[in-house]
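Please take these sequences and the hints and turn them into a complete structure.
4 protein chains.
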Amino acid sequence: MDFSPSPRAAELTEAVRAFVDEHVTPIEHDYHRQVARTRAEGGDPWQPLPLPAELRERARAEGLWNLFLPAGHEGPYAQRYGTRGGAGLSNTDYAPVAEAMGRSFMAPYVFNCNAPDTGNAEVLLKYGSPQQQREWLDPLLAGEIRSAFCMTEPGVASSDATNMELTAVLDGDEVVLDGRKWWSTGIGHPDCRILIVMGVTDPDAERHRRHSMVLVPRETPGVRVERMLDTMGFQDEPYGHGEVSFTDVRVPADNIIAGPGRAFEIAQGRLGPGRVHHCMRLIGLAEHALELACRRGLERVAFGKPLANLGGNRERIADARIAIDSMRLLVLHAAWKLDQGGPLHALSEVSQIKVAVPNMAQQVIDFAMQIHGGAGLSGDFPLAAAWTAARAIRLADGPDEVHRGMVARLELGKYGAAR
Amino acid sequence: MDFSPSPRAAELTEAVRAFVDEHVTPIEHDYHRQVARTRAEGGDPWQPLPLPAELRERARAEGLWNLFLPAGHEGPYAQRYGTRGGAGLSNTDYAPVAEAMGRSFMAPYVFNCNAPDTGNAEVLLKYGSPQQQREWLDPLLAGEIRSAFCMTEPGVASSDATNMELTAVLDGDEVVLDGRKWWSTGIGHPDCRILIVMGVTDPDAERHRRHSMVLVPRETPGVRVERMLDTMGFQDEPYGHGEVSFTDVRVPADNIIAGPGRAFEIAQGRLGPGRVHHCMRLIGLAEHALELACRRGLERVAFGKPLANLGGNRERIADARIAIDSMRLLVLHAAWKLDQGGPLHALSEVSQIKVAVPNMAQQVIDFAMQIHGGAGLSGDFPLAAAWTAARAIRLADGPDEVHRGMVARLELGKYGAAR
Amino acid sequence: MDFSPSPRAAELTEAVRAFVDEHVTPIEHDYHRQVARTRAEGGDPWQPLPLPAELRERARAEGLWNLFLPAGHEGPYAQRYGTRGGAGLSNTDYAPVAEAMGRSFMAPYVFNCNAPDTGNAEVLLKYGSPQQQREWLDPLLAGEIRSAFCMTEPGVASSDATNMELTAVLDGDEVVLDGRKWWSTGIGHPDCRILIVMGVTDPDAERHRRHSMVLVPRETPGVRVERMLDTMGFQDEPYGHGEVSFTDVRVPADNIIAGPGRAFEIAQGRLGPGRVHHCMRLIGLAEHALELACRRGLERVAFGKPLANLGGNRERIADARIAIDSMRLLVLHAAWKLDQGGPLHALSEVSQIKVAVPNMAQQVIDFAMQIHGGAGLSGDFPLAAAWTAARAIRLADGPDEVHRGMVARLELGKYGAAR
Amino acid sequence: MDFSPSPRAAELTEAVRAFVDEHVTPIEHDYHRQVARTRAEGGDPWQPLPLPAELRERARAEGLWNLFLPAGHEGPYAQRYGTRGGAGLSNTDYAPVAEAMGRSFMAPYVFNCNAPDTGNAEVLLKYGSPQQQREWLDPLLAGEIRSAFCMTEPGVASSDATNMELTAVLDGDEVVLDGRKWWSTGIGHPDCRILIVMGVTDPDAERHRRHSMVLVPRETPGVRVERMLDTMGFQDEPYGHGEVSFTDVRVPADNIIAGPGRAFEIAQGRLGPGRVHHCMRLIGLAEHALELACRRGLERVAFGKPLANLGGNRERIADARIAIDSMRLLVLHAAWKLDQGGPLHALSEVSQIKVAVPNMAQQVIDFAMQIHGGAGLSGDFPLAAAWTAARAIRLADGPDEVHRGMVARLELGKYGAAR
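Chains as they are written, first to last, in UniProt numbering: chain A, 1 to 419; chain B, 1 to 419; chain C, 1 to 419; chain D, 1 to 419.
Hints may be right or wrong, so weigh each one.
Because identical chains cannot be distinguished in the list, a pair is counted as satisfied if it fits within a single copy or across any two copies.
SDA-like cross-link-like pairs, simulated, lysine to any residue; straight-line CA separation at most 20 Å [what the hints assert, rightly or not]:
(1) Lys-414 / Arg-17
(2) Lys-126 / Ala-53
(3) Lys-414 / Glu-144
(4) Lys-305 / Asp-160
(5) Lys-414 / Gly-179
(6) Lys-126 / Pro-343
(7) Lys-414 / His-345
(8) Lys-414 / Glu-291
No lab work stands behind these hints: they were computed from the structure.
Written out as structure tokens, the structure reads:
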């Protein structure tokens, strides 16, 4: 048993951390303020500001680019930019890198490691045809385009994926999509060019063979962003989450990833590592919140003492430290299990972290907000946005309840329970 | 012991409830959507829409107006509008009325019972000079103007009110204010005309005799709204919470309410009933959230069952019912104690509800958001705003920690602890 | 709305409280120590010591006897002892009296108000025939005998009462009992003379008409106490909880209370007030624990401060105060609802308190144990026994889960859910 | 990063697990029943039964003996019994072995790995003189004697060790002990021959140099076991926890371990690994409780379903799985940190597990008790004893509050807080 990170993981984590501290954190608050000002003054907050683009160039130049990619991919973009295709890190090695990125909201994008582009790229890397990879994976990895992932639907309880109503029906050599999705993350970005859309192809097939994943270019006729959604008052510009309708949307049948009926299989593979990434970023966010809480707790004075020394605040700091450390270990272990035997080997572990980490982060951040007083809820600190991120992930990629159900099912299965 | 409301309380509660159901709830969602659209399209979301004004006229006509006012006040507005001055309800009788209003965000304003105007009016009624009442209380009760309350400061831990830095110094027959406040609620409203500002008048006086409350007209030179603050992404237009600077602001010394040095005494009297109002409105909000949760839980189906029947959802519904009912009783009892012997008779009770009710509401609403899936965090349901209201009140009027400290101090005092 | 107790409730509560403080508390610890010593030295701890008997005489002489009895019962015992039959208190009025008794483990017995004798007496008062009342109710109220209540069974999940396996079959003018019960409280007492046993009489009847309640004299052939059970190491001598087998036990058919098939109806009526009593006694116990915690927290010093001032202890004291006060109100309200319209009018309320109060008490007592250090877990303080009492009641009279289910069912029923 | 146990750890863990399953678990329940019967029938429950002694011989023969000992110790006992002196396992390697032992209460003793003998042996191994090792360590490792550790005192808050009042004063070539200890674990065992007693030697020395640890033979005049204490009704025969008075107890000054004034230093070294052992055993206990809960949840049926499928039970099973797995990782990591750099390198980690693990275990076991109904609180299942063990460890070796304080202090220290 050895809890030391590998030398490469240690080195990359340190490099990302230093980059974030030096280049991202100092400008991040101003950036968000500028977006808010744009919005307040009637400008278009969905138009990205130039700053992140500059940072992206620097990150790419320093080799801190596409670190999430589990294997090399020597597409033309790699030649063009002189970067390695993908870092080829294991989940275990990428996990602390993701934590380092998670301390900032902007960092994942700066390093071209932001959801949902990471998951979409992984799907294309693993299941995409050479043609699909050339057309969409390459520019994604090059950072030239953005993508969206369209799974959740407004009209049904999407926690049960079999409820899905959007149809993706074969019609000759075309596939025709009809239906409506929401919480399609990334759709608001002006560079968003491609959507991966999950729909029902054959309602009569075996329960987990009915659905397909289809590549739908953003500009295909019939694709319409009905509105951008807000989460606890935040719109997350310039990425955002959209409600998207699909009306007689036709794309070549070749746009179906890995062929019809394989959506569940693909989703399974996509979600394991993706949940590790989400959770490790939340660990980073919670660490950042705890750091802010400690600093504020020592700086501000009430009733003659630093806030940290009042009432139960020290106990809450201790509980936060314990919660973060135990959750980090749980995620690292899940990542290691994924590396050992793949998603099916780590079903319980991945569901465990998906339940436990966002709840932990929500609670730690709630405490950090509280010790900041009113400032903690305002845009002056990243805490309100951090809380919202943690809260939202309790629903995204399957709500807590579904993951608890999975963990319990596997546990009871040890003693012979059918399901 | 008798848990029945008085006939008058029952009647008014029923009337308010019916009014809200019939006139407010049906239009509320559209109203918020319209505000959002205005903002999205670059309009001025701080410009109130006509709808609430119409509803206010109707509420006034039906005698559902100023119900919070603990005693009659026969100012000219009363003659003008043919309404009773104040309903003269006890805290115990007003409490269920406040709950009925709390089910909607717009309702308190519709009934001219919204914070901070209610607290400001109470202060003027109880401590204002006839001149001050004529000038500010009368138009407040008439609904012609709005007001703000300026106490919290950005630079210090305001949970300890003695940290306050804004000065309100006597200079001849003027009082001069210098300093900065924030979370000044209501300052964003175009009708806001008067601010009650708390500041240090005599730093050498006894600890609780140093501060004064000063009436500062909104348009006084030197008063500047530096910015409007957001809470978890919400700006609460058209009322809002502002950061306000005061630079050599001069008003007549007569604008000091009840004379210099009496701010703590006034605040004490203001905050007891105000906290009961806040808490009862939150009870109403939590009830509304639980209702939405039950309805959603029965409507939506996953894995072949209504959501309500999955996992621990029924237990959470039961826990929410228990939490709401016990908290309502705790608030009603605190109100009754206030009525029996005034704020000093109910110090522990008022601090108890101030801790317990917002936490309960936050938790119930969090559950309601969860059972709604992504929709629960979005603007499609009032839940995100409700959560934010509950969360913010854990800080407003003294953070949880301060109130727990008060309850513990009184408890230990029974056994001889000095403080 | 009026939170004052009635004059009679106030007077009796005060009298009971004074009696407990003066006569019971001072000797209680020695009493328990004596029982422990008896056991340690190989004596028979089930043989009651003389002290409580003396206190009982005094309580009876002071009119503090059978206060639980909801209506007068002028049996011969009343003439004999010159006491009123029953106090005739409403649930609302008896509730604070029960709280006052609950501060001590011995007190309920001293006042002839201990479970399960109270519930058994109520059943006989309400449903018993004159003959049954003469034979069993009269000596119970006179305090000459003790009784047991036999419902839970070892072989099935007794939370679902329809699982019950003991049969109580009519055979001519006899009823024959076969089966096994456990957690039959009171069976260990040498004065225990009568058992109320619930069993299946007609398995083909409608679901809630299958069971009967049968009066079985303790000495009937075939009744065998297999063993006494311990709860967290405690045996609760001299009352105790037994596992009892019934083998071809024959009693006259007249011993069926209110006739065959009425057990559920009787249980329903028995359990409403009984749960109020349990809960109010737990409120008293939790108050006592909090008092001990405050005293210990002020007396003992560590790191230069009284324990109460260290870490989060004051917050825990505040939370305990809030929890106790809100739970007391919830129980009082449930009692009031019972008085207003009977058990069917207060189904949710009674289930609510049955879930919430024991959990609250368990938590408050756990804190009190913690602040006492090792002493808190030992027999030197009544806290370990108090915790065990609260913990056990989370299972007795229906586990938490069943009561939460009832509350949720009634809540969802408001919105049309079938069950 | 590698979460696999070392081959030796894996092998020993498997061997211990198999031994426990095959030899200990099957007889354990009967053993406890026999102790209870002995007590109930007036016998001496402190007289150990022959069974464990037989198992101990077998464990020794299989080389599963003294596995806790961090380094070899080739005393005569090793030759005599042909066993290795100590297994020489690192903390990381011993941790899963301790978990395997923790599934049973009897197992640690069977493998000669039970507290407080393990900690006492470690102290003697690390700090004892050759003479002390010969006299006491050797027979301890041989399993011929038992020992006790006397630190906590009844008269003061022992969470602050500087409160200690027992004196251990040098008088010529003797050290004289006067004072009183309690919760002296193991003192009840007939084989207990040696006590390690901590007392004040020089009250004027620097704060952490005042105390000494003294080896006091059990039979020294002036040593008197005043009584055996019970924990939640349990006496833990035949080891037990005693209250012990020391009256003019005189032993040679050579009996001071490592010389006067070094008690804190020794305690520090003793407690790090000891807390890892405690926590890993609790992990094993919690696992066992969860297993029992799952089995019971599947076997028993209510309302037509297995208990596991009712209400929130599956969620509680999932939460228990998550809690156990994350806590195991936290303990393993703390053990690894201890191995990397010793106790001072792992101060926060060791305090973290000492807070978090017993609380987790208490909660998991509480759930397991609940799903067992009344049986869960009784002696029919090991759950009541398991809960009590977990609860007691929240106080033993420093209460939660002290360890939270340590974690917070180290956390705030990162940001410059003095203490």
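For each hint, the structure was consulted:
no.	hint	verdict
1	Lys-414 / Arg-17	between (42 Å within a copy, 17 Å between copies)
2	Lys-126 / Ala-53	neither (28 Å within a copy, 59 Å between copies)
3	Lys-414 / Glu-144	neither (48 Å within a copy, 41 Å between copies)
4	Lys-305 / Asp-160	between (51 Å within a copy, 11 Å between copies)
5	Lys-414 / Gly-179	neither (40 Å within a copy, 34 Å between copies)
6	Lys-126 / Pro-343	within (14 Å within a copy, 46 Å between copies)
7	Lys-414 / His-345	within (15 Å within a copy, 38 Å between copies)
8	Lys-414 / Glu-291	between (41 Å within a copy, 9 Å between copies)
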